[in-house]
Structures are given as structure tokens and as C-alpha cells.
Amino acid sequence: MDNIIQVGMAELKIAAAPKKLLTAGLGSCIGICVCSPAHQFGALAHIMLPSSIQSKRSQNKAKFADTAVEMILEEMIKNGASASKIIAKIAGGAQMFKFVGDSNIMNIGQRNTLAVEEHLKRIGIKVVAKDTGGNFGRTIVFDPKTGDLKIRTIGHGERTI
Amino acid sequence: MKDFTELSCIQLDALREIGNIGAGNAATALAQMVQAKIDMSVPEVTILPFDDVAKLVGGADVPVCGLYFAVSGSITGSILFMLPIERAVLLIDMILGRNSSETGAGISGDLETSVIMEVGNIISATYLNALSHFTKLKLLTSIPALAADMAGAILNGVLAQVGGVVDDVLVLKTMFTREDQEIVGHFFMMPDSESLSTILQALGVNC
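So the sequence lines, in the order shown, correspond to chains A and B.
Just so you know, the first sequence maps onto residues 1 to 161 in our numbering.
Just so you know, the second sequence maps onto residues 1 to 207 in our numbering.
Hints are supplied without guarantee of correctness; some may be wrong.
What the hints assert, rightly or not - Some chain A residues close to chain B (C-beta under 8 Å, calculated; not the full set):
no.	residue
1	M9
2	A16
3	L26
4	M96
5	F97
6	A129
7	G133
8	G134
9	T139
Derived from the structure by calculation, the hints contain no laboratory data.
If you're wondering where the values come from, they're calculated on a predicted model, not measured in any experiment.
Glycine included, C-beta positions come from ideal geometry on N, C-alpha and C.
With the hints as extra help, turn the sequences into a complete structure.
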């Protein structure tokens with residue numbers, strides 16, 4: 001377990017191989033995992049909301065898709081990665097509650113997914129794999145050495161992307 | 001703008017007392033529904049940063065049962081009633097007067113689903129009624145939305161609603177008792193920004 005770094009909600013952490021990054025219980029949130037294969041290190045951000053712009057409290061950059069991707073890029077470059085070599089894998093963005101009516105909260109997962117993809121594209125990071133949507137939670141473990149992203153669920157199987 | 005961390009003891013006491021009155025009414029409603037004596041109380045009211053909420057049920061990947069309600073009327077906000085799956089199963093057994101484990105390991109049948117939803121309905125409605133009575137505010141809840149999955153996953157969707165603005169939630173620990181059986185669940189109240197000030201002002205304990 002010493003080799004596993006836990007990433008909480010609205011946090012961003014960096015790890016160098018052989019350490020791995022874990023975030024538990026992703027619902028509508030998204031785990032953005034990036035690595036630079038040549039350097040064997042990576043980052044995981046657990047974002048909660050699509051945009052920091054309408055938010056009154058936006059100090060925590062890891063909470064929002066738009067600011068978290070910038071922070072990721074900054075951290076990766078600081079550690080010696082070149083922007084064009086960074087790849088990303090994303091998971092999460094589920095809709096946890098079935099609900100009558102059309103409150104915003106109900107499609108937050110989908111809005112998060114779209115925002116993450118849009119902002120990664122904007123800063124030039126390629127999404128090579130994703131496991132998003134559905135109505136179930138995900139616990140993910142990211143290995144910066146291989147780039148493998150392992151996804152565990154309750155009742156919806158296990159997979160590695 | 002107010003947030004929960006600025007609340008004084010008196011204000012917390014007021015919210016706890018309302019919780020207990022609500023719980024008393026909920027117990028009566030539950031007891032009538034199942035024709036057995038079921039007690040409910042709110043032994044603890046706390047304010048938690050939302051990062052710690054998952055720890056209350058044992059961690060972000062613990063399987064839980066969550067019921068979500070949207071609050072509307074004079075204030076807006078969210079209510080979440082959450083307990084670990086195996087506790088939820090025991091609660092269903094307790095309410096139906098079954099022997100333990102008759103429900104099985106999960107909440108899949110129609111009867112089990114409607115029992116747990118009804119419990120959530122009763123708790124949220126009676127709590128809001130008590131709050132409404134003291135504040136003279138008009139408060140309505142939506143029908144419940146049920147999810148059974150990882151605690152963290154259930155929390156994120158609900159907390160995303162307030163996550164951009166508030167970092168803390170009001171937690172009412174709720175205890176159900178039937179004879180010598182005791183089950184603890186947690187009831188989370190998350191008024192949207194400005195709504196908490198509205199409640200405290202209406203309670204007359206705004207300072």
C-alpha cells in the first residue's frame with residue numbers, strides 16, 4: 001500500500017513509478033489521469049465541476065475541469081515532460097440518481113465529461129482512452145509506468161483501459 | 001454570505017432541536033405505518049467539511065444506500081439520507097418486522113426499494129415540516145431519488161451541486177430503535193448559498 005498515493009475529491013497529485021495513484025468513489029466527478037511514458041511519471045486530478053467561471057469560490061484549481069487541466073500541464077512540464085508527449089485517460093462522469101425532472105445536478109456527470117475533453121483538447125493533450133457515463137461509481141488506480149488505468153465498480157465489473 | 005462554519009452554538013442547538021422534533025414526528029409516522037414502536041432520535045448535529053462526509057460511512061468506496069431530495073420553496077438546497085448497504089438492509093428488516101437477513105444482501109426487490117424510499121420520505125418531510133413550523137418558511141421536497149453504490153460516488157453528484165460555493169454540510173446523526181435493535185443513519189442538509197441565512201433569520205437566532 002506504500003506504493004499507492006490516495007487522491008481525494010478536488011485534489012491533484014503527482015507520482016513517479018513505481019508509485020501508483022488511486023482515487024475512490026468517482027460518481028459524477030472525473031478522474032483525469034495523465035502520464036508521459038518516456039518519463040514514467042504521471043498525475044491524477046479528481047475534478048468535481050465543469051467550470052470555475054461561474055463559481056464564487058474558485059481558489060481550489062483541482063476542483064474544476066478548466067483550471068485542473070492547466071495545473072496538470074504545468075506540473076508535468078515542471079517535471080520535465082514535453083507537452084506533445086503527454087497522454088490522458090479519463091474515467092467517471094456517471095449519473096448516480098435516476099430522477100424525474102430536469103435539475104442541473106442530474107446531468108453534471110455528462111457536463112463534466114464534455115468539459116474535461118474540451119479543455120484537454122484546448123491545451124493539446126490527447127485522450128487515448130476513457131470510461132465515462134453510466135449510473136455507477138468507479139474506483140480507479142493509475143500506473144504512470146505503464147499508463148494502465150484500472151477501474152473497479154460495484155456490480156459493473158472490472159476493467160483496465 | 002453565511003456558511004456553516006460560522007454558526008454559533010445557539011444556532012446549532014436550534015437546528016438540533018428542530019432535528020429532534022422532526023425525528024419525533026417521523027417516529028410516530030413510521031410506527032403508524034408498521035404498527036410497531038419504532039423510536040427515532042437525533043443525538044448529534046455536526047458541521048463537516050464535505051471531504052470528511054464519506055469517512056462517516058467508512059470511506060469513499062464503501063457500498064451505501066443514498067436517497068436524494070431537492071428542497072424548494074422559500075429556500076433551495078439538497079437533502080441526502082445515507083447509510084451503509086448492510087445497515088439499510090437491517091433497517092428494512094426492522095421496519096418490516098422481519099428476521100435479520102430475510103432481505104438478502106442488497107436492495108433489489110420492489111418492496112425493499114419502496115420501504116427505504118418511504119423511510120427517506122418520512123424523515124425528510126417531517127424534518128422540513130418541523131423547520132417550516134418554526135421558521136414560517138415554505139419548504140417543499142421533491143420525490144426521492146435512490147442510488148445504491150460507492151459512498152464517494154453518491155456524494156460527488158450531490159455535492160457537486162453545492163461544491164462550487166459551500167465546503168461544509170450540516171449532518172444530523174439519526175438513530176432508529178426497535179426493541180433492542182439500533183441502527184444509525186446520517187441525514188445531510190445542504191442549503192444553497194443564502195438559504196442558510198434565510199433559515200437562521202427566520203428562526204430569530206441570526207447574529
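* **Violated hints, by number in ascending order, as checked against the structure** => Numbers 2, 6, 7 and 8, in rising order.
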